[in-house]
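So the chains spell out like this:
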Amino acid sequence: SAVISQKPSRDICQRGTSLTIQCQVDSQVTMMFWYRQQPGQSLTLIATANQGSEATYESGFVIDKFPISRPNLTFSTLTVSNMSPEDSSIYLCSALQGGAETQYFGPGTRLLVL
Amino acid sequence: GQQLNQSPQSMFIQEGEDVSMNCTSSSIFNTWLWYKQDPGEGPVLLIALYKAGELTSNGRLTAQFGITRKDSFLNISASIPSDVGIYFCAGQPTGNQFYFGTGTSLTVIP
Chain G
1 SAVISQKPSR
11 DICQRGTSLT
21 IQCQVDSQVT
31 MMFWYRQQPG
41 QSLTLIATAN
51 QGSEATYESG
61 FVIDKFPISR
71 PNLTFSTLTV
81 SNMSPEDSSI
91 YLCSALQGGA
101 ETQYFGPGTR
111 LLVL
Chain W
115 GQQLNQSPQS
125 MFIQEGEDVS
135 MNCTSSSIFN
145 TWLWYKQDPG
155 EGPVLLIALY
165 KAGELTSNGR
175 LTAQFGITRK
185 DSFLNISASI
195 PSDVGIYFCA
205 GQPTGNQFYF
215 GTGTSLTVIP
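Chain order of the listed sequences is G and W. Counting from 1, one number per residue, gives the positions in the first sequence under my numbering. Counting from 115, one number per residue, gives the positions in the second sequence under my numbering.
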């Protein structure tokens, strides 16, 4: 199994600022993803982090708001830009291992925007 | 994106009782995963299923990959207080993306 860590674990931010969340996997993985989870809700996929190229965004999410980097096979960052209270959520990093058949999650980053 | 129908939405059971929950999809899936999420934590993988009809156990948990490949079931036997949490199913049709169920919130009453 893959062990995934995220930093920061939580943060309180002022509206209009940006926050970068880091995701580190303890082994090389085929795919990395970023999800958002509102309290009491299911997981919503933001984007697929592609190694060495631009991320692939889901409908409703754009690069200007959620720029993503993935410089190598074990690390990715998600930036939440120009934050508003509506961005308050849990942001989760995940990775696919093996033949892309098993997905593991990080512990999440709890973001509160005031 | 596609979302799976997961039921029940919530369950309140007595300690020692068995629990059953399921996920259904309108599409055929090649992989089913079941997760448990505790408050303030990320989802933790419980069981992975890769073949139609497959039945896999992990301690008191048993999950099955439906024969139609459009559904999956999770059973928890002899529930204990630490089983409390939200359970999610996830299905993978083709490619790399997984789609997630709406979650089942489980409360175990001692």
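Mixed in with the good hints, there may be bad ones.
[As the list claims (entries may be wrong)] Derived CB-CB ranges, DEER-like:
{"hint": "1", "chain 1": "G", "residue 1": "58", "chain 2": "W", "residue 2": "154", "range": "21 to 27 Å"}
{"hint": "2", "chain 1": "G", "residue 1": "22", "chain 2": "W", "residue 2": "141", "range": "31 to 37 Å"}
{"hint": "3", "chain 1": "G", "residue 1": "1", "chain 2": "W", "residue 2": "189", "range": "39 to 45 Å"}
{"hint": "4", "chain 1": "W", "residue 1": "154", "chain 2": "G", "residue 2": "69", "range": "22 to 28 Å"}
{"hint": "5", "chain 1": "W", "residue 1": "155", "chain 2": "G", "residue 2": "12", "range": "25 to 31 Å"}
{"hint": "6", "chain 1": "W", "residue 1": "164", "chain 2": "G", "residue 2": "11", "range": "36 to 42 Å"}
Hints listed in this document are in silico derivations from the structure and should not be mistaken for laboratory results. Note that the Cβ used here is the ideal one computed from N, Cα and C, for glycine as well.
Which constraints among the numbered hints does this structure fail? Numbers only, ascending. 3 and 5
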